[in-house]
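Here the protein sequences line up with chains L and Y, keeping their order. Per numbering that gives the first Met the number 0, residue 0 is the first one in the first sequence, and the count goes up by one each step. Per numbering that gives the first Met the number 0, residue 0 is the first one in the second sequence, and the count goes up by one each step.
It is worth saying that the hints were derived from the structure and are not from the lab. The beta carbon of each residue, even a glycine, is placed where N, CA and C say it ideally should be. One or more of the hints may lead you astray.
Said to hold, decoys possible - Just so you have them, the derived chain Y footprint on chain L, three or more residues with Cβ under 8 Å:
hint, region
1, 1-13
2, 34-48
3, 51-57
As the list claims (entries may be wrong) - One-sided excerpt, in silico: chain Y residues whose CB lies under 7 Å from chain L:
hint, residue
4, TRP39
5, ASP116
6, LYS124
Said to hold, decoys possible - Cβ-Cβ distance ranges computed for the label pairs, FRET-style:
hint, chain 1, residue 1, chain 2, residue 2, range
7, Y, ASN77, L, PRO3, 23 to 29 Å
8, Y, LYS88, L, LYS36, 43 to 49 Å
9, L, GLU98, Y, GLY57, 31 to 37 Å
10, Y, THR151, L, LYS78, 30 to 36 Å
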Amino acid sequence: MAEPMKIRATLQGDIADVRILIAHPMETGQRRDASGKIVPLHFIQNITVTHNGKMVMDGQWSQAIARNPFLGLRVKGAKAGDKIVVTWTDNMGDKRTDEATVTAS
Amino acid sequence: MQPIRKTRRTLLKLGAGISSLAAFSAAGLLRVGEVVAAQWNKGGFESKAVDDALKSLGVSNMIDSRDIVITAPDIAENGAVVPIAVASKVPNTQSISIIAEKNPFPLAATFDIAGSDPYVSTRVKMGQTSNVRAIVKADGKYYTAVKEVKVTVGGCG
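Just chain L, same shape as in the assembly (with noise of 0.2 Å):
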């Protein structure tokens, strides 16, 4: 299954500094390997960001997002301790949730 998220969650002032690595192929469904088939389509659909369980974030994806997909935002009215929960679900079903607490800087 999917690979752990890489989430740091820092604060600056009251916002926090939210990054996001993600451990996915992302496939075009354009690209051939090397016996020449084509890869099949596999990215992420859809991604949300929950703030203390609030959603901050709706993201809709296509596959022209980067392989091991990186998301930056910033979270208004955060305080150090704060629940971030990230949820994605790519167009083959699979889904992962990771969450981290916000630190301060």
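Since the structure of chain L is provided, determine the placement of chain Y on it from the hints.
What follows is chain Y alone, placed relative to chain L:
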């Protein structure tokens, strides 16, 4: 006549159901206190023309805005990883979409923004040199900005 009428009735019901659901999500009622991922914009992500992608987002009239800042390299050596960040200073920004105009499927991503700062940063694949367009939805209006990114080696192969 009977079976036809029946079908019509069912269709009407179905239509009513769909529109009330749309009204709910538009009012944000489905969002309160729970986490419901927006439905994936299949039509938009599968459209091959920029105009079709814009239509799927509901964009009819875009306003050029200097309040949208796209941070991307002028020249990307590797089209497989092009870092793009979009920051919006448009008040009440609701969503940010990123379009790489000459990609096989131009619409790359849409981010609905609720409690976060209107800023998003990610990495996109680009097939060739093209304009990167950011679309910001705020108060039901659409604002846009463009930046050209030159790609030395494409990243869609």
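Legend entry - Closest C-beta approach of LYS124 of chain Y to chain L relative to 7 Å, hint status: holds, 5 Å
Inset, instruction - Take the region 34-48 of chain L, compare each residue's beta carbon with every beta carbon of chain Y, and decide whether three or more fall closer than 8 Å. - result: holds (count 4)
Legend entry - Outcome, coverage of the region 51-57 of chain L by chain Y - at least 3 residues whose beta-carbon is closer than 8 Å to one in that chain: holds (count 6)
Inset, instruction - Could you tell me whether the CB distance from GLU98 of chain L to GLY57 of chain Y stays inside 31 to 37 Å? - result: holds, 33 Å
Legend entry - Coverage criterion applied to the region 1-13 of chain L (partner chain Y; beta-carbon cut 8 Å; 3 residues): The restraint on the region 1-13 of chain L is violated, since only 0 of its residues have a Cβ under 8 Å from chain Y and three are required.
Inset, instruction - Note whether the CB distance of THR151 of chain Y and LYS78 of chain L lies within 30 to 36 Å or breaks it. - result: Violated, since THR151 of chain Y and LYS78 of chain L (Cβ atoms, about 44 Å apart) do not stay within the stated range.
Legend entry - Hint status (Cβ of ASP116 of chain Y to nearest Cβ of chain L, threshold 7 Å): Holds: closest Cβ of chain L sits about 4 Å from ASP116 of chain Y, inside 7 Å.
Legend entry - Per-residue hint verdict: TRP39 of chain Y, partner chain L, C-beta under 7 Å: holds, 5 Å
Inset, instruction - Given the hint of 43 to 49 Å, check if LYS88 of chain Y and LYS36 of chain L actually sit that far apart at their C-beta atoms. - result: holds, 47 Å
Legend entry - Supplied distance hint 23 to 29 Å, evaluated on CB atoms of ASN77 of chain Y and PRO3 of chain L: holds, 26 Å
In this structure, the hints that do not hold are numbers 1 and 10, in rising order.
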